[in-house]
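Chemist: Produce the entire structure from the sequences given, and follow the hints as far as they go.
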Amino acid sequence: MRSWVVALLACTALGACASTMELSEGMDLSAVPPEQQADYAVFAQRCSKCHSLARPLNSGITDDAYWRMYVEKMKRQPGSGITENDRPPILRFLHWYAGSKAHTDTKTDGGT
Amino acid sequence: MTRAHVVFVATILVALLGALWPGSARALDRTFAGSVQLDENVAPMEPTTNAGTQTFYGFTAELSGKIAVDLSEHVSANVKICYGCHGFETDMAYFDLRVNDELNFRVGRFSPSFGAFNLRHDPANHKLADKPLPYDMGRMLRMRDWNLGVLPSPFPDNGVEVDGAHWFGDTAQLEYAAYAVSGFKASQGELDLDFVQSHSGSLYYVDNNNLPTGGGRVAMTLRLGPGVDLTYGASGMYGTYDPQNKFTYGIFGGDVWLRVGRTNVRAEWLMRRQTFDTSNQSALKYTVSPTGGDFFVKHGAYVEVEQPLGGGVDGILRADGLLRLGNIAAGSPLSNQATVLRYTIGTSIVIARGVRLKLSPELYQFNYTDAAGRNLEVCLQTAVAGAF
Chain A
1 MRSWVVALLA CTALGACAST MELSEGMDLS AVPPEQQADY AVFAQRCSKC HSLARPLNSG
61 ITDDAYWRMY VEKMKRQPGS GITENDRPPI LRFLHWYAGS KAHTDTKTDG GT
Chain B
1 MTRAHVVFVA TILVALLGAL WPGSARALDR TFAGSVQLDE NVAPMEPTTN AGTQTFYGFT
61 AELSGKIAVD LSEHVSANVK ICYGCHGFET DMAYFDLRVN DELNFRVGRF SPSFGAFNLR
121 HDPANHKLAD KPLPYDMGRM LRMRDWNLGV LPSPFPDNGV EVDGAHWFGD TAQLEYAAYA
181 VSGFKASQGE LDLDFVQSHS GSLYYVDNNN LPTGGGRVAM TLRLGPGVDL TYGASGMYGT
241 YDPQNKFTYG IFGGDVWLRV GRTNVRAEWL MRRQTFDTSN QSALKYTVSP TGGDFFVKHG
301 AYVEVEQPLG GGVDGILRAD GLLRLGNIAA GSPLSNQATV LRYTIGTSIV IARGVRLKLS
361 PELYQFNYTD AAGRNLEVCL QTAVAGAF
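Just so you know, the protein sequences line up as chains A and B, in that order.
Under the numbering used here, think of the first position of the first sequence as 1, with each following residue one higher.
Under the numbering used here, think of the first position of the second sequence as 1, with each following residue one higher.
The set of hints was computed from the structure by calculation and includes no laboratory data.
Since this is a predicted model, take the numbers as computed values, not measurements.
Careful: at least some of the hints might be erroneous.
[Stated by the list, open to error] Derived lysine to aspartate or glutamate pairs resembling EDC-like cross-links, with alpha carbons at most 20 Å apart:
1. Lys73(A) - Glu84(A)
2. Lys75(A) - Glu102(B)
3. Lys75(A) - Asp170(B)
4. Lys73(A) - Asp70(B)
5. Lys75(A) - Glu73(B)
6. Lys75(A) - Asp39(A)
7. Lys73(A) - Asp63(A)
8. Lys246(B) - Asp277(B)
9. Lys246(B) - Asp294(B)
10. Lys73(A) - Asp101(B)
11. Lys285(B) - Asp370(B)
12. Lys75(A) - Asp29(B)
13. Lys246(B) - Asp207(B)
14. Lys285(B) - Asp145(B)
15. Lys246(B) - Asp194(B)
16. Lys75(A) - Asp101(B)
17. Lys75(A) - Asp63(A)
18. Lys75(A) - Asp64(A)
19. Lys285(B) - Glu190(B)
20. Lys73(A) - Asp29(B)
21. Lys66(B) - Asp29(B)
22. Lys73(A) - Glu73(B)
23. Lys75(A) - Asp70(B)
24. Lys73(A) - Glu102(B)
25. Lys73(A) - Asp170(B)
26. Lys246(B) - Glu190(B)
Modeler: Below is the structure:
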């Protein structure tokens, strides 16, 4: 019984912290310029199917060539559902993100 | 895990890093990633029962680190080391030799293509703390009674796989895989697979017999509309597990995954048919039938719905279960028609980008009682998982 109480208290505290931080693994849309939002939508939909969006957003990668290779690699993953037409918007978003303040802030925060 | 194994693994990693770390080379084609999950399975334990000792009780940690290196456009290497409940494990150590998207040769140590869940078996990639029962590797209650799930995940093995994918425009992705691996193992006379022996590096990752296990998978992903994907697939593997190649196992499964926006609906069914040694009647609970008494069948299935609720919170509903039909070891509490059903209501909360708190109360319904007379049990899976 005691372990249940400890676990529930710990979880409540962590949950409360999370709720006050209002975090998500993707981006706050208000931080994405209107002209990038359609690209972000494709990125968020396709790249969250098998893993968290935190993986690419926290990666610290800024090299377009690297992203081209990596998105191609992800496209080949079983069941990825990433098509040829998905690649340009995903790469455009990643290019913008690499140079954006949002990316700098992630790195400053230390990411995970 | 002996000191020699730690030294061996460390030496391999250092050698790989030394050979491939950017120096004269570019930073372009190397990736390091990893994950950590700390789990506490809070299960009320009756003093008169052994239920609490039949799960990973208390804190358990799963750690993993992976290095992926692209040596060229057509050759890449992956090494992934995991630390789990039974020490260090080489989860991946393979080369991919890719001719084109439709033809790739994977050589080394890897989990062969089977089912849908194994693709996201890393704790950072599934939002509940534990795995579905068909793939359970130790977090289920009464795991010793059941000898885990149908195909505990992951299931790294040594071998070769041919796989590939083909896209039909923007609407369909067809993928296939065919492989030969060492296969699962057990000692002479054992009635079920020995998953520790099958994975343990203490036996030098070598086969216990001279026949590989063969298998394959075919799956199709359809784009039904913007943001709507449907993936369905079928998998199978067949081989022998004893040192003398007398006894066989066949594992088969089907899976469906519907994704609408960020909502995921998944369903999967697995079954394992396995023959066993009936020469020692006293080792078995039931009299061996002269016809068809030398095998058992273990089914497992799950259905889950994963729904983002906003603010970094996901809700997950899951129903899963196991059904075991056939003779069993003398002394087992299971009957020849044993079932367990589990109902899970879980949540996954983002604490920081890349770090999640996972909570899931679970209700187990067994068709047999434990020493305390219980056939219903509850537990609370709590975990913090992070990816980097």
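Chemist: Are any of the numbered hints broken by this structure? If so, which, sorted upward?
Modeler: No numbers; nothing is violated.
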